[in-house]
Amino acid sequence: MPVIGAVCGAAFTVGVCVALGWLLLRWLKLEFHRLEGVLLAFVSGSACLSLAVFGLCVIHQARLPVFLAGGAGAIGGALWKARGMARGKPLPALPRAWAVLFAVVYVAFLACYLANALAPEISPDGSGYHLGNVARDWRHHGFDWDYHSIYSSLGQGMEMLFLVAFSIGRHPAAATVHMAFQAALPLLMVCYGRRCGFPRVGTFAGLLVYACPVVGIAGVSAYNDLAVATSVFAGFYLLEVNYSQLCTKSLFLCGLLSGHSYAIKYTAGLTLPFAAVLTRGRRLWVLCLGAAAMAGPSMIRNWIWLGNPAAPFLNSWFPNPYWSASAEHQYLAGLREYPQFKSYWDFISQVTVLGGLVPGMIGPAFLLLPLSLLALRQPHGRKLLLAGAVYSIPAFLNTDVRFMIPALPFFALALGLAMENSRGMLPIVVLFQSFICWPAAMDAYCDPNAWRVRGFPIRAALRPEAGSQYIASHVGDYALKGAIERAVGPNQRIFSFAGRAAAYIDRDIVVGYESSQGMRIQEALLKGSVPEAKSQGCDFLLVNDTDMIANDIKQNMRRWGVTEVAKANGTTLYRID
Amino acid sequence: MAVLAAVFALQVYRAVARPIGTGEAYLYDRFVRPTMRQVLQSELPDRDVLYCLLEKRSVGLFHVSPFSVRLPSLLFGILYLFVVWQLGRRLSGWFLTAGVLPIFWDWFSQADGTGTAIALLLCAIWLAVERRNLNLIGICLGLSVTAQTGFAIPAAIVALAILAFWWRWSGWVDRVLIPAVVVALILLVLPLTHAYAPEERTPELTASQATHLQSALEALRIGAGSDRIRIGATPAAEPVVNFYRAQHRAGNWERARRDYSSEHFDYYLFLAAEEAAAEQRHLIVIYRDADFAVAHRSSAAM
Numbered sequence: 000m001p002v003i004g005a006v007c008g009a010a011f012t013v014g015v016c017v018a019l020g021w022l023l024l025r026w027l028k029l030e031f032h033r034l035e036g037v038l039l040a041f042v043s044g045s046a047c048l049s050l051a052v053f054g055l056c057v058i059h060q061a062r063l064p065v066f067l068a069g070g071a072g073a074i075g076g077a078l079w080k081a082r083g084m085a086r087g088k089p090l091p092a093l094p095r096a097w098a099v100l101f102a103v104v105y106v107a108f109l110a111c112y113l114a115n116a117l118a119p120e121i122s123p124d125g126s127g128y129h130l131g132n133v134a135r136d137w138r139h140h141g142f143d144w145d146y147h148s149i150y151s152s153l154g155q156g157m158e159m160l161f162l163v164a165f166s167i168g169r170h171p172a173a174a175t176v177h178m179a180f181q182a183a184l185p186l187l188m189v190c191y192g193r194r195c196g197f198p199r200v201g202t203f204a205g206l207l208v209y210a211c212p213v214v215g216i217a218g219v220s221a222y223n224d225l226a227v228a229t230s231v232f233a234g235f236y237l238l239e240v241n242y243s244q245l246c247t248k249s250l251f252l253c254g255l256l257s258g259h260s261y262a263i264k265y266t267a268g269l270t271l272p273f274a275a276v277l278t279r280g281r282r283l284w285v286l287c288l289g290a291a292a293m294a295g296p297s298m299i300r301n302w303i304w305l306g307n308p309a310a311p312f313l314n315s316w317f318p319n320p321y322w323s324a325s326a327e328h329q330y331l332a333g334l335r336e337y338p339q340f341k342s343y344w345d346f347i348s349q350v351t352v353l354g355g356l357v358p359g360m361i362g363p364a365f366l367l368l369p370l371s372l373l374a375l376r377q378p379h380g381r382k383l384l385l386a387g388a389v390y391s392i393p394a395f396l397n398t399d400v401r402f403m404i405p406a407l408p409f410f411a412l413a414l415g416l417a418m419e420n421s422r423g424m425l426p427i428v429v430l431f432q433s434f435i436c437w438p439a440a441m442d443a444y445c446d447p448n449a450w451r452v453r454g455f456p457i458r459a460a461l462r463p464e465a466g467s468q469y470i471a472s473h474v475g476d477y478a479l480k481g482a483i484e485r486a487v488g489p490n491q492r493i494f495s496f497a498g499r500a501a502a503y504i505d506r507d508i509v510v511g512y513e514s515s516q517g518m519r520i521q522e523a524l525l526k527g528s529v530p531e532a533k534s535q536g537c538d539f540l541l542v543n544d545t546d547m548i549a550n551d552i553k554q555n556m557r558r559w560g561v562t563e564v565a566k567a568n569g570t571t572l573y574r575i576d
Numbered sequence: 000m001a002v003l004a005a006v007f008a009l010q011v012y013r014a015v016a017r018p019i020g021t022g023e024a025y026l027y028d029r030f031v032r033p034t035m036r037q038v039l040q041s042e043l044p045d046r047d048v049l050y051c052l053l054e055k056r057s058v059g060l061f062h063v064s065p066f067s068v069r070l071p072s073l074l075f076g077i078l079y080l081f082v083v084w085q086l087g088r089r090l091s092g093w094f095l096t097a098g099v100l101p102i103f104w105d106w107f108s109q110a111d112g113t114g115t116a117i118a119l120l121l122c123a124i125w126l127a128v129e130r131r132n133l134n135l136i137g138i139c140l141g142l143s144v145t146a147q148t149g150f151a152i153p154a155a156i157v158a159l160a161i162l163a164f165w166w167r168w169s170g171w172v173d174r175v176l177i178p179a180v181v182v183a184l185i186l187l188v189l190p191l192t193h194a195y196a197p198e199e200r201t202p203e204l205t206a207s208q209a210t211h212l213q214s215a216l217e218a219l220r221i222g223a224g225s226d227r228i229r230i231g232a233t234p235a236a237e238p239v240v241n242f243y244r245a246q247h248r249a250g251n252w253e254r255a256r257r258d259y260s261s262e263h264f265d266y267y268l269f270l271a272a273e274e275a276a277a278e279q280r281h282l283i284v285i286y287r288d289a290d291f292a293v294a295h296r297s298s299a300a301m
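Protein chains in written order, with numbering that gives the first Met the number 0: chain W, 0 to 576; chain D, 0 to 301.
The following block holds chain W by itself, in its conformation from the complex (with noise of 0.2 Å):
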């Protein structure tokens, strides 16, 4: 049953990254309370198998025998360590009726967050270039360094613990490890809020991320942002703990994180600058080392491969022949275009509870959120809100409502402090946003296309057969998956004007978009000059009914010089003559 690899590869890479995290905390001497020396471990933990991992692939030695011996190796020596060690004191604990309360609606949630994990992956980047990439280097054991692609060149922290997972549990396996973040971030915000003598508010805000829908469907997804999210909230957290007495140690560790975030995704690079000013520039060398050890590493690796460390964005400052400033400028613009609204309400109506003309939606009990601002009266209050304003920079240069879920954590705690006193609303808005937030509730009442969790699909994770009809129900490349894999040698390339599901199909794929030489190509056909696209690299051409070629291609293939393949669900395989 792939349930079974699944659950054991994400498993195995969980419980490496808490080994390696456990090793790291007492390497540096570092100690917390029970739960919250869990979790940390598991974060800090995934910085350091990401950077193991990322050397595997530099050295071509990405294998599942590695990953396992190296992995026993990681569990083995943390077990050795621990034994005969006295365990953590406990947090203070949480109010009786609180602690049911969060039982009830996490575990009812977790549920349905991990039935949708370990189904088959369907999710647009998921499927597409996420996994893609891992699965790329699955092929390679390491990273291809012929492929150029702009989603190729991001910083990859998330997908190198992909790569583990995926090794023992193909694609079910690698959501489910960023399904682990996910999970991990409630309980996060639950221990700070245990932490900092607010244990209602943490818990409040911590169900009430958990629940929002769009951190639901990201988070069951091979994304990152939860993965993010949760790296961004662990160094504040480490900063919070430290503030009083800034220790090196603790502040090497937040470092650490600050670069393993932006190694995830670039936007949470913004970690770094905002600790920065969090400790008013004290000791801010031992940030930057322990930024720098888990930044460089990938900043390095594009110098050396592409002559641009940022890659794929700097273009102007960084010229280089793999992608132009041009493109750069034109690809991040389309980023930043929102459809029409019809007003300033239409679009937070959308954004927080219909879901249909943005991609996903954060739940109406965000609508409160300019009651967060009553939150300035306490000094935590203050911080968390400027937290919240500083990751919610991302969001304003892409459209995603993902890119908002850094943020939330910050807000919905700082929403929790402003209620803190009103008596019985902290449960009144959990059990709302619980309740209005499941799937079948969000049927009644949000947009028919809305991103979300829509459902439990057991049967596609428990049975191959469903879940190849899963797969293929939602993701429209697939049907051509045999085809592809058939007709196209493994060293040849196929072109495509619009992104596809490269983590399904085992070949290398040239999107039109995504690389100077896919523009190239591009260009060649709009031209109507197949030579000059097989003259690039391209042998074969996958056309979508809607592209501005399909219908001459399709009348005219002799003058074309191609022949076709296969179709499916409106897309077209040429052989390139």
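It should be emphasised that the hints constitute simulated quantities derived from the structure, not laboratory data. What you are looking at is a predicted structure, and each value in this text was computed from that prediction instead of being measured. Watch out, some of these pointers could steer you wrong.
Unchecked claim - Selected chain D positions facing chain W (in silico; Cβ < 7 Å): (1) Arg36; (2) Val181; (3) Leu184; (4) Val188; (5) Leu189.
Just so it is clear, CB atoms sit at the ideal spot from N, CA and C, and this is done for glycine as well.
Given chain W's structure and the hints, the job is docking chain D onto it.
Showing chain D alone in chain W's frame:
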């Protein structure tokens, strides 16, 4: 006390005896009868959200009738009279006198959120004056707005007045502002985010028209018998026809439509003044009074 009891008895009588009005029938037909999903999909702006929820409960328990749709209002009438009595005792007898003026009677014997909103707003004022159950003040203000969205500004004024009297910012924030906003958001968020359709204009029937309409509908029911029929009605009568259909479980009647000029129906409910239209269409008039006429097509099954 006796005056208050008499006023309440009068309200009960009016709730039972008065024929259903257009606004009341419209509220039932558009927001109470359909499922929540249908209401949200219709995108019509609902201004009496809390009242519709209570009316749904009442209709579920006692079936559709003019009394059952007015029952929530009537119950809030008890709260209103109690609060007026308490405020009269605490502040001035004039308050009591003003509170039982006939102008207020209608609000507690008609099926819309105005009476509910007034009762809740007054309750918030009373709690603030008495300085008891302070946490309930904000909840009452929030519920008042959800009972009738038009009460947003009066509720805000009351909240600010409480702040002015208390002069304690954090207590006001925690006990008035936050509960009011939370309660209002929970009940209003879905209706407001789905209210994209323009409001339907529905002229209200006069008391005599409402009475005559009931007689016209009786005549129509007798005329149609058990045949499956389609009915076209005036905009003011259409919700009442649909209410009547639900009340009498007339399953053979399709939902009445208001634009009878553009379609062909089996039966037509005209204003008496528009009877000429019936002649133009060669309809057979089966009922006529000072306000309404009922006609059917000559080919309609009788």
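The hints, checked one at a time:
no.: 1; hint: Arg36; result: holds (5 Å)
no.: 2; hint: Val181; result: holds (5 Å)
no.: 3; hint: Leu184; result: holds (6 Å)
no.: 4; hint: Val188; result: holds (4 Å)
no.: 5; hint: Leu189; result: holds (5 Å)
When each numbered hint is compared with the structure, no violation occurs for any of them.
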